[in-house]
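So you can see what is in the structure, the chains are spelled out below.
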Amino acid sequence: DAKTTQPPSMDCAEGRAANLPCNHSTISGNEYVYWYRQIHSQGPQYIIHGLKNNETNEMASLIITEDRKSSTLILPHATLRDTAVYYCIVRVEGATNKLIFGTGTLLAVQP
Amino acid sequence: NAGVTQTPKFQVLKTGQSMTLQCAQDMNHEYMSWYRQDPGMGLRLIHYSVGAGITDQGEVPNGYNVSRSTTEDFPLRLLSAAPSQTSVYFCASRQGLRGYTFGSGTRLTVV
Numbered sequence: 001d002a003k004t005t006q007p008p009s010m011d012c013a014e015g016r017a018a019n020l021p022c023n024h025s026t027i028s029g030n031e032y033v034y035w036y037r038q039i040h041s042q043g044p045q046y047i048i049h050g051l052k053n054n055e056t057n058e059m060a061s062l063i064i065t066e067d068r069k070s071s072t073l074i075l076p077h078a079t080l081r082d083t084a085v086y087y088c089i090v091r092v093e094g095a096t097n098k099l100i101f102g103t104g105t106l107l108a109v110q111p
Numbered sequence: 001n002a003g004v005t006q007t008p009k010f011q012v013l014k015t016g017q018s019m020t021l022q023c024a025q026d027m028n029h030e031y032m033s034w035y036r037q038d039p040g041m042g043l044r045l046i047h048y049s050v051g052a053g054i055t056d057q058g059e060v061p062n063g064y065n066v067s068r069s070t071t072e073d074f075p076l077r078l079l080s081a082a083p084s085q086t087s088v089y090f091c092a093s094r095q096g097l098r099g100y101t102f103g104s105g106t107r108l109t110v111v
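Taken in sequence, the protein lines are chains A and B. At position 101 of the first sequence (counting the first as 1) the number is 101 in our numbering, and the numbers step up by one without a gap. At position 43 of the second sequence (counting the first as 1) the number is 43 in our numbering, and the numbers step up by one without a gap.
For reference, chain A alone in the conformation it holds in the complex:
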């Protein structure tokens, strides 16, 4: 699975959009981009995933660059409850289905 690079921390004002970047320059054509978050002391929570096209669901939007070497997770209207560590993971869908976490980005939403 490709390696990802994320900033260790970011701040965002409550009510504003939070844009979390992720670099995955060695991504392969069959690797998906997944985003999870972990609120303090809780289990990780799946947010969204995509292969090539931009994706949107009730939680967030995922923007993947045309060359697929980077992506951005967008929380359109951040709230204090969105304060968490956000993990960007790229992986191939295969029989082993392993999920390898990095250290993620700590997003602090400020009032």
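Derived by calculation from the structure, the hints in this document are not laboratory data. Just so you know, these numbers come straight off a predicted model, no measurement behind them. C-beta: ideal position from N, C-alpha, C; glycine also. Don't take each hint at face value.
Stated by the list, open to error - Derived CB-CB ranges, DEER-like: (1) A:Glu14 <-> B:Thr20: 39 to 47 Å; (2) A:His40 <-> B:Gln95: 35 to 43 Å; (3) B:Asn65 <-> A:Val92: 38 to 46 Å; (4) B:Gln57 <-> A:His77: 21 to 29 Å; (5) B:Gln57 <-> A:Ser25: 44 to 52 Å; (6) B:Thr5 <-> A:Asn19: 45 to 53 Å; (7) B:Glu59 <-> A:Asn30: 19 to 27 Å.
Using the hints provided, position chain B relative to the given structure of chain A.
Structure of chain B alone, referenced to chain A:
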């Protein structure tokens, strides 16, 4: 639909004791896995299973055993607990391309 249920939520063991961390899911997911998370670090994969009767090692399998006799259950066994195994343990399951569902964790302290 309870999702992924982990028991116990908290446990204190003495060095050398054995115990089993329980994990059960009611979503008929084929894939299940165990992670550990040490303070300030991301999650590390211990063992995983792609279906009943099939298990394999992750990144940090030493000191842990698993079995998968049913689709629903995936217990993690510590045969002889060591202080280095003090951690928070998360169980997760998934089906197909959907995101993983994580349990709420077991906080284990080995003294």
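Worksheet item: Hint by hint, which ones does the structure fall short of?
Response: 2, 3, 4, 5 and 6
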